[in-house]
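Novice: If you're matching positions, the sequence shown starts at 1 in my numbering and goes up one per residue.
Worth flagging that the hints you see were computed from the coordinates, not collected in a lab. One should not assume that every hint holds.
Stated by the list, open to error - Pair by pair, the computed Cβ-Cβ distance ranges are:
hint	residue 1	residue 2	range
1	Lys23	Val50	15 to 23 angstroms
2	Thr36	Lys6	17 to 25 angstroms
3	Val57	Glu3	32 to 40 angstroms
4	Ile9	Lys34	22 to 30 angstroms
5	Lys45	His25	23 to 31 angstroms
6	Ser46	Ser10	14 to 22 angstroms
7	Glu3	Asp56	36 to 44 angstroms
8	Lys53	Phe4	32 to 40 angstroms
9	Ile9	Asp32	17 to 25 angstroms
10	Lys45	Ser10	24 to 32 angstroms
11	Glu3	Leu30	17 to 25 angstroms
12	Val57	Lys8	32 to 40 angstroms
13	Asn2	Val57	39 to 47 angstroms
Fair warning: this is a prediction, and the values are worked out from it, not measured in the lab. Just so it is clear, CB atoms sit at the ideal spot from N, CA and C, and this is done for glycine as well.
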Amino acid sequence: MNEFTKKKISKTMTGRKKSATHKKHISQSLKDRKLTNEHKENISKSMKLVYKKKKDVH
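Working from the sequences, and respecting the hints, build out all of it.
Specialist: Okay, here's the thing in structure tokens:
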């Protein structure tokens with residue numbers, strides 16, 4: 001599947017309820033992907049902000 005087709009599918013699925021198999025496939029592909037250290041640091045920073053906001057609300 002080429003990039004154009006992937007983007008079309010992604011655009012049509014936006015805002016719609018996804019099936020269980022679709023969710024399973026997405027989660028499996030996210031588990032197997034390789035991340036750079038820079039990407040991991042960015043994820044860590046953003047998650048710290050999310051947790052801090054949740055803590056401040058309660």
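Novice: Each of the hints needs a verdict: does it hold here or not?
Specialist: Hints versus structure:
The supplied range of 15 to 23 angstroms is met by Lys23 and Val50, whose beta-carbon atoms lie about 21 angstroms from each other. Range check, Thr36 to Lys6: about 21 angstroms between beta-carbon atoms, so the 17 to 25 angstroms window is met. Restraint check, Val57 to Glu3: a C-beta distance of roughly 39 angstroms satisfies the suggested window 32 to 40 angstroms. In this structure the supplied range 22 to 30 angstroms holds for Ile9 paired with Lys34, their Cβ-Cβ distance being about 23 angstroms.
Between Lys45 and His25 the CB atoms are about 28 angstroms apart, so this pair conforms to the stated range of 23 to 31 angstroms. The hint said 14 to 22 angstroms for the Cβ distance between Ser46 and Ser10, and at roughly 21 angstroms that hint holds. Checked against the hint of 36 to 44 angstroms, the pair Glu3 and Asp56 passes, with Cβ atoms roughly 40 angstroms apart. For Lys53 paired with Phe4, a C-beta distance near 37 angstroms keeps the hint of 32 to 40 angstroms intact.
Taking the beta carbon of each, Ile9 and Asp32 are about 20 angstroms apart, inside 17 to 25 angstroms as hinted. For Lys45 and Ser10, the Cβ-Cβ distance of about 25 angstroms falls inside the hinted range of 24 to 32 angstroms, so the restraint holds. At roughly 18 angstroms, the beta carbons of Glu3 and Leu30 sit within the given window of 17 to 25 angstroms. Between Val57 and Lys8, the C-beta spacing of about 38 angstroms keeps the proposed range 32 to 40 angstroms intact.
Asn2 and Val57 have their C-beta atoms about 43 angstroms apart, which keeps the hinted 39 to 47 angstroms range intact.
The structure shown violates none of the earlier numbered hints.
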